[in-house]
Amino acid sequence: MNKLVKLFTIFISAISLTLASISSSFAKVEGEYIVLGSAISLTGKYSSNGVHTQNGYNMAVERINKMGGVNVGGKSYKFEIIYYDDESNPKRAAQLAERLIKQDGVHYMLGPYSSGLTKAIAPVTEKYKIPMVEANGASRSLFTKGYKYLFAVLSPANQYLEVAIDLAVEKNGGKPVRIAQAFEQDAFSQDVRLGILDAAKRTGSEIIIDDKLPKELNDMAATLAKVKATKPDVLVVSGHTKGALTAIRQIAEMKVDVPMLAMTHCDAAKLSKQHGKKSEYALCASQWHKNLSYKDKFFGSGKKYDKDFKKEFGYAPPYQSAESSAALLVFKDAFERANSFDRDKVRDALKTTEMQTFYGNIKFGPGGQNTAKPMILFQVRCKGDVCENKVVAPTKWASDKFYHPIPKWSERS
Amino acid sequence: MDFLIFKAPMLMVQASLDGILLGILFALIAYGMALQWGVMNIINIAQGDLVILGGYIAYTMYLAGIHPAWGVIVSPIIMYFVGWALYKLVINKVVDRDLFISILATFGIAIVFQQLMNFIFGADVVVAQSEYGTTMLFDNSVTLPNSKIFSAFISVLYAIALVVYMKKSRLGRAIRATAQNARAAKILGVDTEKVYAATFGINAALCGIAGALISITLTLHPYVGLPYTVRSFMIVIVAGLGNLPAVAISGMGLGLFEEFADYILGTEFRIGAVFMLLVFILVYRRFKLSKKREYLK
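Sequence lines, in order, name chains R and L. Letter by letter, the first sequence follows residues 1 to 413 in this note's numbering. Letter by letter, the second sequence follows residues 1 to 297 in this note's numbering.
Note that these hints are calculated values from the structure, not bench results. Among the hints, a few may not be true.
Derived DEER-like restraints, expressed as beta-carbon distance ranges [unchecked claim]:
1. Glu131(L) <-> Gly174(R): 37 to 47 Å
2. Asp166(R) <-> Phe138(L): 52 to 62 Å
3. Lys201(R) <-> Met136(L): 52 to 62 Å
4. Lys277(R) <-> Asp96(L): 48 to 58 Å
5. Asp96(L) <-> Lys311(R): 54 to 64 Å
Computed list of chain L residues with no C-beta within reach of chain R, every gap over 10 Å [said to hold, decoys possible]:
6. Met10
7. Asn41
8. Gly108
9. Met136
10. Tyr165
11. Ser169
12. Arg270
If we take Cβ atoms under 10 Å as the criterion, some of the chain L residues that face chain R in the derived model are [what the hints assert, rightly or not]:
13. Asp139
14. Asn140
15. Asn146
16. Val163
17. Thr192
18. Tyr263
Please read all numbers here as calculations on a predicted model, not as lab measurements. Backbone N, C-alpha and C define an ideal beta-carbon position, used for all residues, glycine too.
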């Protein structure tokens, strides 16, 4: 009896071992499917943006598969993505990347949500030489490490608000401006800050307040009181959605008059919905807006993407979804140009990417960042109680004129 | 020295008022913590998460079209039962045990609450709008959001009500008796089990009020509970247990200290300064105690 059990165990383990080795050796391309892997935040503090990212990926997979898939070697393949939930935890994300590569045999990766998690995964994909196209890690430090297998479709963080300073100088008749800034102490926001420092140096502008907000901070009253006392020409705030919501709430409550207010994460914070008219005139950095005139044959235009996305998921796509969809277009293009599933050939093809998508032009710089797409700025404008984001810069796509200076609170109804 | 705050006296007024108004709110949370710490000898790590849950109750009302300020009445009622249930499920098993066990248990509760709130309300940062406007003083150079004044006023109101209740009511007397000596109270016929459950419920209700106030003054997010736990812990450490005036003063003092640290040391050292203060106070208290050679249980 005992022998029988032993024999049985050996038999089972032999079978499972064979199965495992088969599945991993064919995992990169299974039948007609090209398998991509992604660790993504479906729970935890990044879960809402994680879901936006996943929806963007899924939407593109569905669209590409429906429109003929990926042509490699005269055969048509379809995309498939294996997802794992990284719980918004960098350590977990790195483990899951290992698991995707070693156990599931994934040979091509899509990025997670946020700079922090991308930073955790990049060393792993680099170690196993797995090409990763990411759409949600903008931190500059991702592109200065010399990673060879990392490609980002989005503009790096330091470019987020640089344009805003140029705009302020322009409005000031070309003369330098006085800048007040408050940034959260995390990798992303500090990169945005570096961009502002560069812009200030370039334009000869002076930074009069330079506050670093702690992660736990939910009260900016002190910073805003300083702003009120020193009267700068422009106030720059970056602290993810919490920072954006806190800033608008307290600027309105404390009646802080500042001619120009530039921020990040207005879109993700649903600023115009949550704060209504209080958020009017805020200038926001964005990777994408549906009104831009970029086109591709899969999604058509930004406006069409917006419509299709709304139909599929029931809400307007934030830029996090748009850039995630673009990542798959980049992969498809690279596979077809490489005409091979060899990782290094795909990587070389990615490196020479030069294309237009509905999300923007994509061309990778030496560090893997997208150098072909400028950031855009939109301004919250309200008609009655309905507030909308209107593109105001760069001028090529501006649908509305930039409103400057912001009227004083005493004049606002 | 070139400090902005000393150049502009109005900034000093602004900072003081901001600090005091916020401090009063923190004091309310801290008083809940002091109460159940004193009565049950439990340090509740989930304190901040109870606050946030209370905030989400007010936020849910706001979404349903009810003014979020009503949350200061609805939220404590719901939270009382949440606290009561929490006691019956978990806390009653750790109440007589080592302090370490209770910290571990409430830490676990904190994680469960965070994940549940994330699951139910989503990971977005949310705010409820009170539309209370702003009070302007000194020719508009000092601005006070009315929502902050409202929250300080409500906090004071509830604190007074609680003190009266503790002094006058039967349950209040029972709670104080249990805090002094649980065994003696039991012998004299106090149902300590019931007292514990009620105390934990009252603490949760206080958190509920504070949460509702935070939903209209600050922001809500499932994972921002811990800073409130830490602040109330600090206030209690400074003020001692079961001493409401001391808790109120230490709460306001902390609020003031934070604001001034922001101006003088810089925003990045605001939280750091508070922790430095905690270390300093702990060392000082130890030093003072060793001088007095008091016997401490």
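Going through the hints against the structure:
1. Glu131(L) <-> Gly174(R): 37 to 47 Å: 41 Å Cβ-Cβ, so the 37 to 47 Å window holds.
2. Asp166(R) <-> Phe138(L): 52 to 62 Å: Since aspartate 166(R) and phenylalanine 138(L) have Cβ atoms about 37 Å apart, the given range 52 to 62 Å is violated.
3. Lys201(R) <-> Met136(L): 52 to 62 Å: Hint violated: Cβ distance 37 Å, outside 52 to 62 Å.
4. Lys277(R) <-> Asp96(L): 48 to 58 Å: 55 Å, holds
5. Asp96(L) <-> Lys311(R): 54 to 64 Å: Hint holds: Cβ distance 59 Å, inside 54 to 64 Å.
6. Met10: Not fine: 7 Å to the nearest Cβ puts methionine 10(L) too close to chain R.
7. Asn41: Correct as stated: the minimum Cβ-Cβ distance to chain R is 28 Å, above 10 Å.
8. Gly108: 17 Å, holds
9. Met136: About 7 Å separates methionine 136(L) from the closest Cβ of chain R, which leaves it inside 10 Å; violated.
10. Tyr165: 31 Å, holds
11. Ser169: 35 Å, holds
12. Arg270: The claim is violated: arginine 270(L) sits with its nearest Cβ about 6 Å from chain R, within 10 Å.
13. Asp139: 12 Å, violated
14. Asn140: With a minimum Cβ separation of about 7 Å from chain R (threshold 10 Å), the hint on asparagine 140(L) holds.
15. Asn146: Constraint on asparagine 146(L) satisfied, holds at 8 Å.
16. Val163: Hint on valine 163(L): violated, closest Cβ of chain R at ~27 Å, above 10 Å.
17. Thr192: 37 Å, violated
18. Tyr263: With Cβ-Cβ at 6 Å, under 10 Å, it holds.
Hint check: violations occur at hints 2, 3, 6, 9, 12, 13, 16 and 17; the rest are consistent with the structure.
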